[in-house]
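> Given next are the chains, with one letter for each unit.
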Amino acid sequence: MSIRNLCTAAALALCGLSTIARAQELTVYTALEADQTKAYQAAFEKANAGVKIRWVRDSTGVVTAKLLAEKSNPQADVIFGLAATSIMLLDKEGMLMAYAPGGLDKIKPAMRDAAQPPKWVGMDVWASALCFNTIEAGKKKLAAPTSWADLAKADYRGQIAMPNPASSGTGYLMVSGWLQLMGEDKGWAFMDALHQNIAAYTHSGSKPCRQAAAGEYTVGLSFEYRANRTKKDGAPIDVVLPSEGLGWDMEAAAIMATTKKADAAKKLLDWSVTPEANQLYAQNFAIVAVPGIQARLEHIKGDVEKMLVKNDFTWAATNRERILNEWSRRYGGKTEKQ
Amino acid sequence: MQTQTPSAASSSPEPYLKIRGVTKRFDKFTALQAIDLDIYPGEFVSFLGPSGCGKTTLLRAISGLDVQSEGTISQGGKDISTLPVNQRDFGIVFQSYALFPNLRIKDNVAYGLVSAGRSRSEISTRVTELLALVGLSDQAMKFPAQLSGGQQQRIALARALALSPGLLLLDEPLSALDARVRARLRGEIRDLQQRLGITTIMVTHDQEEALTMSDRIVVMSRGRIEQVGTPDEVYSRPASPFVADFVGRMNFLDGRLVAPNQANCKGVDLTFAGEMTYAAETQVTVCVRPEDIVVRNINGANTNVFDADVGVMEFVGNHFATTLHINGTNLNVAADLSMNDVRDLGVKPGGTIKALLPADRLRVFATPGAAAQ
Amino acid sequence: MTAVAVEAAPARPVRQRMSRDDVIMRVVLTLLAAWLLLTVLLPLWSLLAKSFESPDGRFVGLANFVQYFANPQLTQSILNSVWIAFVSTLLCVFLAFLYAYGVTRTCMPWRGAFKIVAQIPLLAPSLLPAISLVYLFGNQGFAKDILFGHSIYGPIGIVMGEVFWAFPHALIIVTTALATADARLYEAADALKAGAWRTFWTVTVPGARYGLISATFVVFTLIITDFGVPKVIGGQYDVLATDIYKQVIGQQNFQMGAVVGLILLLPAVLAFVIDQVLQRRQSALLSARAVPYQPKPNRAIDTALFAACGLIAVAILVIIGVAFFASIATLWPYNLTPSLKNYNFDDVDGGGWESFFNSLQMAALAAVFGTAVVFLGAYLVEKTRGYRPGRAIYQFLALLPLAVPGLVLGLGYIFFFNAPGNPLNLVYGTMVILVMCTVAHFYSVAHLTAVTALKQIDQEFETVSASLRVPFYRTFFRVTLPVCLPAVLDIAMYLFVNALTTVSAVVFLYAPQTTLASIAVLNMDDAGDVAPAAAMAMTLFFTAVVVRVLYTAATRRLLARSQAWRLR
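As given, the protein sequences belong to chains P, U and L, one line each in that order.
Oh and the first sequence: position 209 is 209 in this note's numbering, straight run, nothing missing.
Oh and the second sequence: position 366 is 1366 in this note's numbering, straight run, nothing missing.
Oh and the third sequence: position 474 is 2474 in this note's numbering, straight run, nothing missing.
Among the hints, a few may not be true.
To be verified - With the C-beta cut set under 8 Å, the calculated list includes, among others, these residues of chain P facing chain L:
#, residue
1, T27
2, V62
3, S72
4, N73
5, G102
6, E216
7, S328
Treat the hints as calculated values from the structure; they're not laboratory data.
The beta carbon of each residue, even a glycine, is placed where N, CA and C say it ideally should be.
Extracted from the complex, chain P is given alone in its bound form (with noise of 0.2 Å):
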């Protein structure tokens, strides 16, 4: 009995080696949507024959925890499709290796990082967007929002989920957005206002637009990929592009500093550049990281890239645990909500 179980153990223990062990595969940690990385890894695979992606999948913040968790022992071979306050913090801890990949110069200049070489370079850009439920709305009788200020408003008590920007990248992007946008003060009163009618926090920034889409709730804080993707699936929601501006943040791409598979992970970066993966990055971001592609999201009306606000990555990076702790002070305690 004893000798077959550690013939198992030794078994299982094999498996396990031999799915490291094999060559050319890389484990790529992403915090993309499951629907968009099966395009892109297709494409990649296609064009650089013998590299195989095993993806990591899990939200923004997640991601960012399973990385710094892992410092010690790092997993990942490459990053890609993180949100650039993340992999700068990252960059911070020394975990990524630096790498121009062929054809950077071809991408915008504010889509890179500005380290010779760079660390990471930008994929494309996603911004917040309302989803709202037109149907819920008709019943209750309440308007389209057309502003965050909007939202700040008495009508919407208890109709609005939002994710929270501890553990959604979203989340945090709006957060960031709104203190740049308006200023610190301004910013946090806001907020203030905000949280009175907030039904519920969610973990993940998709979250509120499927449950606006559901109609559990009227209007949910997100990004304009999930919110055209949803209405295409066919919910009776509207996409509220927000008149003072969006907060965004940008996915980018980085190999770590530990990675035994350099070359393979060279070759993601590569193809992470090229005019072809920008034609993917477009079917879902209106904004890619090379010039002139332009975007097809059918269901968002108004110019993205015209209403971004001012992002400042370092600073948004470098505050984020001050913003967050300040968010969880003010927010995070109060537990019973309508």
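Since the structure of chain P is already known, use the hints to place chains U and L on it.
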């Protein structure tokens, strides 16, 4: 002093099992205190005593299941004190039978033979032989649950004997069975043992079992041996009040020594055979078995003859358990009067009869604590 | 006359030589104890150590604890957790008692069906009732008016979900307690002309007292450590279990996660210790030989309990039914046309169908490997002669997981197995670590099942075998294992179903190639894909049902063939 004479059954002077100074302690409790015992080849020896007396502990020490804290045990001239169970040479039968429920009877009996590497035909022959020995040849293909308790215990015996061990250990083998089966199996086991001539130790708390089956009985109490002797010795010449009390029924009469061969119990002078070395006035207990009290054909010259009033008479089937009040004293004695005695002498409650307490049947013990010399 | 034993020559303690059997048994038991040390104690130790460290690994004493208790938001969770667990436990044990009473002590109809329905919650992850409750009582819920305007997101929802999920656990214990009642006490009460009500309070309740207390502690521990229900339906109502998750996953604060984990460990350990003490006392009480109680028909009582049990059973079926309905609705609540769209897991988070097959694989490995280790360990701890310290240590390690919440164990695994110096970190991120953690997490109940089965067979088999010079392993395979086969299969089934549905033990440990279906449910729900989450939960449920049915059919055949000896 213990008497350790070999019984008639054994002719060899060299003991088969030698136990020397065996002590067993569990934490602070001492279960066995310096046990010395010899068991001779072919003997059937019973360890008898109340629960907690150490009889099972001694058996477990002999089998190696619980090794003694001190002392040595040798079997067939070989020191086995520190040997593990599977290097000792014995077969064992438990109260619970411990038959393997998922194996057929033949496989149960063959269990040890298979591991011993015997050939298939050899095993088959031996199993047939053993089943015949215990009279269950026709049950080979059944499962234990399909057999009665008595049958199961005989299978357990056959299994224990399969490897022809030098020593057979029986741990309360009959306790789980009902009275009739028990009585029958008693005879069968004894018979088998005699035929095979196998040295056997049985642990029991049932004196009847011990008396009927054993060559010798080891009476134990509180971790010590109280007496070792033939059933007759233990019954009729108990070595201590404990043995007297535990084996059979007994009158205990408290008194004091008035002469080396006479004690006074509540005003009654009782003369006994032999002499006590204690000083006069030593507190003693005089013991006499109820069935030893004589009520007919009493010769006037006999000592220890008294007039007695007949008290309560209980009919117990083959005799009357009768209480006698010795006239002129407040000494009460229990006597077993046979049916014949009662009928012939017309004994009835309230009547008066003569009673004899035969001097050679009285056992006298100094009361513990009063035995200072 | 008096026997005076002659003192033997200077006594030296006798030490028995070990046989080959003894050596093998001790070595294997030691190896298994080492295995438990590795998979239970060392991870916990790492967790403890982590709670005294700063993020960069320096020892900072109690600083993390000071920081924790200085934060009223975090400490509020302690109160919330205790309150939720307290209310849910009372409710759950009360309902379980009613139900058990109906099933064991009345002649109401359909008792067999009631027993089966009550087992349903065991076959689903705890996320499932919570998802159902959203559909039932959420803002678009069928039955939202029942709550009179109160929100299901928060304590109400958590309590409802926990009661559902913990119900079968309480029921099993209470049913056992009620089933072992002594009919003679009822006859005595009858003879003394005690009324039904008086008999109930003086005989029934005291008789089931230890069962009720034990159920209370077991359920309390389950609920206070459960993560699935509050995660899905807790809203902003934080409890300790969700705090650990938030600290670790959301805030990247592993030290604080360790602190909360230790705090969560406290009530669980306390409940465990009290329960152990009480159980010890109980065994002394139940030693008398009882005559089994046979209920007599009583129209009023039978009807009342049929109604009560009926309501509970319907509630269970509704919760499962709603989850199923939600999983096949095209777009809740606007398009209820049935479709299998939500079962297309490859388009949503969580790893797609692959995660389902991973779960099957993980559950199968946990069942096979876990059962082997558990049964062998229980056998050795019961049968090894001597070796007291070794056996005591093993017994302690085997029972320890009962007091360790899955999240806490999982977090400990990160700290222990992902430490850079640990040569075992090659298992990190593989199926192996998931199987290890799952088996460790569910070890105690499986161990106790094995020990109980081993205690029920004759204790002298080993002695007889040794006296016949048969090596122990032959008797183990030839006799002990076949005789205990029903218990062995039970253990395998228990491990399989739990491995399939567990979230808490593995939520920190899965990797891209080892995503699991139960965690996919969590992640889908998190991402707002609630309908696919319900679909995956239902897939797990149906799988557990199918496996359970197959298992019942297979064991019936197997037992009929191999256990012919059980029949007279």
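> Can P:S72 be said to touch chain L, with a Cβ gap under 8 Å?
Since the shortest Cβ distance to chain L is 4 Å, the answer is holds.
> Does P:N73 pass the interface check with chain L, least Cβ-Cβ distance below 8 Å?
holds (5 Å)
> Is the hint on P:S328 kept, meaning its closest Cβ partner in chain L is under 8 Å away?
It holds, given that the least Cβ distance between P:S328 and chain L is near 7 Å, below 8 Å.
> Holds or violated: the hint that P:V62 contacts chain L, with Cβ atoms closer than 8 Å.
holds (5 Å)
> Closer than 8 Å between Cβ atoms is the bar; does P:T27 clear it against chain L? Give me holds or violated.
At 7 Å from the nearest chain L Cβ, P:T27 passes the 8 Å test, so the hint holds.
> Quick check on P:G102 please, does its C-beta sit within 8 Å of some C-beta on chain L?
Where the cut-off is 8 Å and the nearest Cβ of chain L is about 27 Å from P:G102, the hint is violated.
> Taking the least C-beta to C-beta distance, is P:E216 closer than 8 Å to chain L?
holds (5 Å)
Hint compliance for this structure: hint 5 alone is broken.
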